[in-house]
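Peer 1: These are the residues of each chain, in order.
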Amino acid sequence: MYNNVLNLLAILILISSFTLVANKRQNAYITTFRLQSLLLALISLIISVKSMIETKKFDEVIFIFLLIVVFKVIVIPMAMRKTSDRVEYKVEKDFFINIPISMLICCGLVVLCWYVVHHVEGITNPTTENYLIYSLSVVMIGLFFMISRKKALGQIIGFLVIENGLFLAAMMTTDGMPMIVELGLFFDLLTAFLIMGIFVFKINSTFDSIDVNKLKHLKG
Amino acid sequence: MSSNQIAVFFIVSVILYITGALTSLASFSSSKWSNRLANTFALLASSLLTFLMICKLIYSRDVAININFNTNIPFLAIKFNIDNLSAFFIMIISIVAIIVSLFSYTYMSHYFSKKNIAVFGCLYNLFIVSMVLLVSSSNLLLFLVFWELMSLVSFFLVIFEHEKEDVQKAGRIYIIMTYIGTACITAAFVLIAAYTGSFNFTSINLQSIPQGAANIIFILLLIGFGTKAGIIPVHIWLPYAHPVAPSNISALMSGVMIKMAVYGLIRFIFNILPAGDLWWGVIVLCTGIASALIGITYSIASTTNIKRLLAYSSIENMGIILAGLGIMLIARASGNYFLLSLSLTATLLHTLNHAVFKSLLFMGAGAVQYSAHTKNMEKLGGLIKKMPIASVFIFIGCLSISAVPPFNGFISEYMIFKMIISSISHFAPSQSFLLVLVLMVAAAALALTGALVAFCFVKFFGISFLGMPRSKEAESAVEPGKPMLVALASAAMLCLLLGIFPNYAIRLIDSVGSQLINLKLLATDWSQLPSRYYPADNSILSISSGLIAILLVVLGGLLLLVVMALRKRTSIERYNTWDCGFTKINSKMQYSATGFSKSLRIIFRGFFKPARDLEITEGTAPYHIKAGRYTTSTVKFFEKYLYQPVVSNIIHFSRKIRFTVQTGSIHAYLMYFFGIMVLMLLYYSFTA
Amino acid sequence: MFMSILKFIFQMFFLLLIAPLFTGIIRKIKSKIQHKIGASVFQPYYDLIKLLKKDLVVSSTSSWIYNVAPYVYFITSLAAVMCLPVVYQFKGFSFYTDLLVIVYLLVAGRIFMALAGLDTGSTFGGMGSSRELLVSALVEPALFLIIITVGANPEIASTSVFSIYDYAVKNSSSTFSTINILLFAAMLMVMIAESSRIPVDDPSTHLELTMVHEAMTLEYSGRHLAFIEMGTYIKQLVFMTFMANILIPVGLNMENILAGLGIYLLKLIIITFLVGFIEINTVKFRLFSLPNYAVIALIIAVLGFLTRFVLR
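Protein chains in written order, with the numbering used here: chain A, 2 to 221; chain B, 6 to 693; chain C, 393 to 704.
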């Protein structure tokens, strides 16, 4: 039962990344990301509750749940929404590769990840192998998303999705990393997000657009 | 003194250096005080260290001094181990540091209120302490840390007058070359650690390095340390960096810092790597000889800057030291212990001697620059009358470096030749023709080098100190202050003492040898050993320069009596130099430094490619010349034919890259990232 | 001990006495071949005595180096000749009787003379110094190779004059071996260059621009000049003695010192004749063909080296 729920949630996260790639509008990116983070938070909640029930001891993973909810579900999406509202909105094609082909490439990535993880020695548990495939796929799709999107917001979301993938891998395979590592990762993420947010404004004010492709012109 | 006491005092002196650095920084408001504090602490610490190390070398030669600190950082153990080799090099560092610190008291005063003396004093102390700790560290990583510290601090000292353009250029070349060298050293260390599984000198297991890897490590170390030593063709930073640095720094750099490369080579190639093939030594010998010969021709023919001349001469001397090291390696590979100990003694003795006379000469150049405000020989002249005392000491430096008996350069050059003769007589019967030929060429090249050194320093001293002053600056030069004279005098004294009593220095080197190659050079009775290896004249030093000095003095005294007798009957008249019956000779008619060295440029024209350009502004008639401008130039061979092609290719390549790979598009960069990740995953899954 | 020192000092004075003679002989030979009467062979002695008596003119630009140089030059040359085995050997001097020491002593004298040339501020002086140093630098490799070929012989393996001399005495039978002839030829060329003779330099030239050694000493007069001349004569004797006693090891170690001296003198006079004939049959080379001259000397020395160590 427990494993089935977790497996379902993990698959949902993978599907949410596919959804992200299929999205056309910036606001839809943010919503999808929020959804994905919520799923991640649910996973952490389930893991922590289960370990608390089993060991009858307080588990720190519950803090991770809180952190994810507060930052990834509420704060960061809100800030992003604000950012996208504040920069001038232009309707223009945001992707280099059209959506169907992107989806196909993403499928290819999942196959690649399956192929790779299958060759990893020492994974005896088939469920762990599955989780690893899902999370590695999420990471790769996030990276691909960053490449395929023109506007700066796409890069931020892609980065955050990579982060989610890493979290997923860490949590599913180890039942939660040490608190200090998690905190460090979170801190890193927030800083990166802040810097990127500032960059978006700067790019916008320089080029009247947040199309990062225009950064080419900065080259001497 | 017990090893514990030495260890404690060693730490005390390191603390003194650091205190010097800090107090100098703390008293930044007064240049005078920060200069005083920095030099006083350096002086104290160096005196203490000199005393300690001489004690160590004489009285506790069989113990090694260990100082360990525990760290949590993996691989990096803070382990210092002062064996006799380290002690010998620390002694060199601290002797030179004493003299240079004395010199700096006055010398730095002309930077007061112009530059930040506090930072200089801090860097100065750090520079010395980094070298001291470098030679005493016994962990590869620790060695690298101090090596980097030394390089970086010396870089900042070189660019002390960073507002000048030539200083910036020199700094740039220096830092690039330094990093090329450091990269090679790091690679070599990583290889050593990979094969032996340890970063500590003591636990490095020689047998675990296979011969092929040892060859690669040897080449890497030779290039890496060779860059610091300034051997041809990786010497190019030296003639730029030395002239622009403040003279006390050039004295330290040339006297000591480049010797760190000698230390590194001896420590790693000789002490840590297993005995290689004969060709290791042959390569080192050949590069050494080439550096010596090319260095000295450059020194004569291509510059009129006194400090650049000295820098090239350092290249030459490092070449000679390297040649000694080459013979050491050859001797080790062929198992000739007499030759080994002779070459070890000659090499280390020349290292010590060069440190002393080269720092004397650089300080002399500094004194010239301090009082005549120019480094250009064509503007100097007649200084022997303006600064009579300083010029005597500088003259002694010139005599020492030209190997005039009984000064110290003579002894080490004599031993270098003796070493070559011993090696020829050893290898000639064993049918190793090629090696004998190489040794023959080496001997001939060293002989030419020796004669050219005399040429070079006659030019150095004759043009800048003798004759008439060639400019107003030279005419208004004055004797430098007392501390400067004391520094010059003590260095000159040391040149003379090391020349007259070389046996004391050889005794110190004996301690090094007894630990390094397990042979007491002096105590061994060579005649007891199989005669194949040991020639009839089986002593390390069969001549006595002290007695030569006495003989010369006695002959001089006798001659003086004769001259006194003759003097009564004749008179001396002072009159103008002969002017062919025309107007009185002026300073422009004197032979110039460029003219003095012209014949050599013409003889080596294939190498220097001398060019001249005469511009004449004609007046009313073709023969009525209003003005003329004559310029000569030489080609910097290695820069033009070795470095320039490489640099221009790199620039060309980068230009191309800019349009194809470095597009500036974030997506492209992400794409590379993505592509590499996919490739790596694929690679992993295929190999797994 | 006392007797041996006395013999040694006697020998030293003897060398001092005969040194100028050979220059006189060379001049006489040249004159005879040109069908001139020529000055007496003792003319160099008369010149020296006259110079010692004359007053000195010292350039007002010069410093102490100018005044010291002639004496240093003289002393180093004298010390060099004392190193060499002539007839009597004083073993007490083994602390410095070394071929390398001879070379370095000569270098010392040369450095002082070259500096003195620059000290007067005269163009000729500087030019002379530069050329003198160049010439000696060019022949230095040949000189060292000769010394190494002699000294690195595995049976000697030393540059100590005594070991070399003892070896020469032992092997007097191989006097006219190929090695010795080659080394002799190379040494003759080195000697001509070092003692400033035709074809490298013309000691009797009257044009400052072609001078080498004479240009360097142009400003000197009186006893300064006398000591420089004497130094040059002695320097010439150093090379001649080397050739006579080490490269032609005939009649060495005679019981009778006077007979030994006679043989020694005879050998020197033969060498002098050789030098005289070379002078009469060649012209002075241009400065920039001197590298060729030096390379020829070097190659002959290399051949000697190879014959000894490689082509056995």
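Mixed in with the good hints, there may be bad ones.
[Said to hold, decoys possible] Some chain B residues close to chain A (C-beta under 8 Å, calculated; not the full set):
1. I181
2. W583
3. S659
4. I662
5. T665
6. T668
7. G669
8. M676
9. F679
Hints were generated in silico from the structure; no laboratory data involved.
Note that CB positions come from ideal geometry on N, CA and C, so glycine has one too.
Peer 1: Work down the list of hints and note, for each, if the structure agrees.
Peer 2: Consistency of the hints with the structure:
| no. | hint | verdict |
| --- | --- | --- |
| 1 | I181 | violated (22 Å) |
| 2 | W583 | violated (65 Å) |
| 3 | S659 | violated (12 Å) |
| 4 | I662 | violated (12 Å) |
| 5 | T665 | violated (13 Å) |
| 6 | T668 | holds (6 Å) |
| 7 | G669 | holds (4 Å) |
| 8 | M676 | holds (6 Å) |
| 9 | F679 | holds (5 Å) |
Consistency note: the structure conflicts with the earlier hints numbered 1, 2, 3, 4 and 5.
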